[in-house]
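Chains A and B are the protein sequences, given in the same order. Under this note's numbering, the first residue of the first sequence carries the number 1, and numbering increases by one thereafter. Under this note's numbering, the first residue of the second sequence carries the number 116, and numbering increases by one thereafter.
Since the hints were made in silico from the structure, they are not lab data. Glycine included, every Cβ here is placed at the ideal spot set by N, Cα and C.
Below, computed lysine-lysine pairings styled on PhoX-like, alpha-carbon distance capped at 20 Å: (1) Lys9(A) x Lys22(A); (2) Lys40(A) x Lys219(B); (3) Lys219(B) x Lys38(A); (4) Lys157(B) x Lys40(A); (5) Lys160(B) x Lys9(A).
Derived list of chain A stretches under chain B, where covered just means 3 residues or more per stretch with a C-beta under 8 Å from a C-beta of chain B: (6) 33 to 43; (7) 46 to 56.
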Amino acid sequence: DTEVTQTPKHLVMGMTNKKSLKCEQHMGHRAMYWYKQKAKKPPELMFVYSYEKLSINESVPSRFSPECPNSSLLNLHLHALQPEDSALYLCASSQSVTAPGYGYTFGSGTRLTVV
Amino acid sequence: RKEVEQDPGPFNVPEGATVAFNCTYSNSASQSFFWYRQDCRKEPKLLMSVYSSGNEDGRFTAQLNRASQYISLLIRDSKLSDSATYLCVVNSPQGGSEKLVFGKGTKLTVNP
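Go ahead and model the full structure; you've got the sequences and the hints to work with.
Below, the structure written as structure tokens:
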């Protein structure tokens with residue numbers, strides 16, 4: 001079982017819907033990440049949170065809004081998405097952003113389909 | 116030039132074969148290097164970190180050449196269960212933060 005838990009595992013939403021993806025880790029990691037992965041492509045970084053503060057935003061459109069309520073939780077709020085936003089959304093965590101020497105632990109992802 | 120470049124693959128090998136994957140990175144400030152494995156429709160999982168002196172974990176050997184900015188992964192005695200996409204991953208310092216950048220991945224199929 002993965003130590004990073006993502007919910008829901010699958011999500012279908014319309015272009016006018018508002019939904020949220022959730023991610024939780026209890027490893028005491030202080031850095032959390034959102035990645036987006038399209039089919040047959042590598043994961044692409046969206047956001048980095050360090051000690052609950054946003055430290056990197058990879059020029060992600062505002063229809064994606066991240067939130068880190070506490071050190072164990074990371075949310076991704078979705079609004080007015082487009083069909084091309086359909087992808088696997090992966091959450092990851094690491095001990096800290098400045099010491100990624102142990103790599104990231106990924107959740108199993110949320111497979112999002114926008115219709 | 117992309118930050119992380121890998122052999123495009125795919126690689127199709129018989130069981131028991133030895134297969135090597137190569138990867139280059141462009142950011143000379145990178146300090147952490149990894150190989151991840153991703154099975155179809157699953158999340159990436161850390162296979163091994165790559166250390167300057169090279170390191171081995173069972174049938175897997177990783178090498179790093181900082182001067183050439185080159186990383187490799189060698190798999191000996193391939194098993195059917197090794198079939199997956201192998202992702203070369205490198206850290207990229209960015210201001211006071213860092214991120215991991217993934218190569219495109221190399222798909223390996225081990226055939227009976």
